[in-house]
Amino acid sequence: IAGITQAPTSQILAAGRRMTLRCTQDMRHNAMYWYRQDLGLGLRLIHYSNTAGTTGKGEVPDGYSVSRANTDDFPLTLASAVPSQTSVYFCASSPRNNSPLHFGNGTRLTVT
Amino acid sequence: GQNIDQPTEMTATEGAIVQINCTYQTSGFNGLFWYQQHAGEAPTFLSYNVLDGLEEKGRFSSFLSRSKGYSYLLLKELQMKDSASYLCAVTDGDYKLSFGAGTTVTVRA
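Sequence order for the protein chains is A and R. In terms of our numbering, the first sequence has 392 at position 108, counting the first letter as 1, and numbering is strictly consecutive. In terms of our numbering, the second sequence has 52 at position 45, counting the first letter as 1, and numbering is strictly consecutive.
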C-alpha cells in the first residue's frame with residue numbers, strides 16, 4: 285500500500301542520547317516535511333525538503349538535523365536529546381509545493 | 008512569520024451545524040488548507056482554498072476571504088465520527104505551510 289512509513293512508533297530516550305527518526309515514502313513525492321505536535325501548540329515545522337538533495341529550516345529547527353539523499357527517505361536526527369524534545373513527530377510528503385500533505389502515523393518520543 | 012488563530016474547542020449536537028473560524032496574518036499567501044485529525048491519528052486533508060469564495064464537498068464546506076485574512080470550515084449534519092480536531096493551515100509567499108493550534112470539536116448525542 286502506497287504511503288508514508290515512520291519508525292519507530294514510539295520511543296523512550298534518555299537525555300543526551302542520539303536518535304534518528306526514520307521516514308520513507310513510496311509515492312515519489314518531491315517535497316517532504318518534519319513536524320512536531322505539542323498540546324496547545326499545534327503542528328510546528330522543524331525541517332523540510334523541496335526535492336532530493338536540498339533541505340531547509342522550518343520554525344523550530346534547533347537541536348534537529350535532516351538529510352535527503354534520495355526521493356524516498358527523509359530521516360530526522362536528534363544529536364543530543366533534551367526533555368523539551370518530548371513530542372509527537374509527524375513526517376509528511378506532497379507531490380509539489382502547495383499540494384495537500386500526506387502524513388505518516390507519527391512517532392511518539394519521550395525524553396527522560 | 009505567520010499568525011493563525013482558531014478557537015480551541017467547540018461542542019455541538021449530532022445533526023447540527025458547526026462553523027470553525029480561522030484568521031491569519033502571513034507574509035504573502037498561496038492558499039489555505041483544512042485538515043481533520045482524530046485523537047491519536049495523523050491529520051488528513053479536508054479542503055483547499057486559494058481564491059475567495061466557498062468550496063463545498065459533501066457535508067463539509069470551506070470559505071475564504073483573502074482581503075479579511077479569514078476562513079471558516081462548515082460541518083453540516085454532524086455525526087459522532089466528526090468528533091476530532093480541525094486544523095487550519097496557511098501557505099505563505101515562500102510556500103511554507105504553517106498550522107494553527109487546532110479546534111477540538113465534540114459531537115454530543
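If you're looking for bench data, these hints aren't it; they were derived computationally from the structure. Quick reminder that beta carbons are idealized off the backbone N, C-alpha and C, glycines included. Incorrect hints may have been included.
Quick list of in silico lysine to any residue cross-link-like pairs, SDA-like style, CA-CA up to 25 Å [stated by the list, open to error]:
(1) K341/A to G35/R
(2) K75/R to N56/R
(3) K341/A to P292/A
(4) K341/A to F52/R
(5) K83/R to N28/R
(6) K88/R to G287/A
(7) K341/A to S34/R
(8) K64/R to N382/A
(9) K88/R to P292/A
(10) K341/A to N28/R
(11) K75/R to S383/A
(12) K64/R to T304/A
(13) K341/A to D101/R
(14) K75/R to S34/R
(15) K88/R to E21/R
(16) K341/A to G287/A
Covered stretches of chain R, going by a simulated chain A footprint (3 or more residues, C-beta under 8 Å) [unchecked claim]:
(17) 45-55
(18) 103-114
Okay, the hints, checked on the actual structure:
no. : hint             : result
1   : K341/A to G35/R  : holds, 18 Å
2   : K75/R to N56/R   : holds, 14 Å
3   : K341/A to P292/A : holds, 23 Å
4   : K341/A to F52/R  : holds, 24 Å
5   : K83/R to N28/R   : holds, 15 Å
6   : K88/R to G287/A  : holds, 23 Å
7   : K341/A to S34/R  : holds, 17 Å
8   : K64/R to N382/A  : holds, 19 Å
9   : K88/R to P292/A  : violated, 28 Å
10  : K341/A to N28/R  : violated, 29 Å
11  : K75/R to S383/A  : holds, 23 Å
12  : K64/R to T304/A  : violated, 39 Å
13  : K341/A to D101/R : holds, 12 Å
14  : K75/R to S34/R   : holds, 14 Å
15  : K88/R to E21/R   : holds, 10 Å
16  : K341/A to G287/A : holds, 24 Å
17  : 45-55            : holds (count 6)
18  : 103-114          : holds (count 7)
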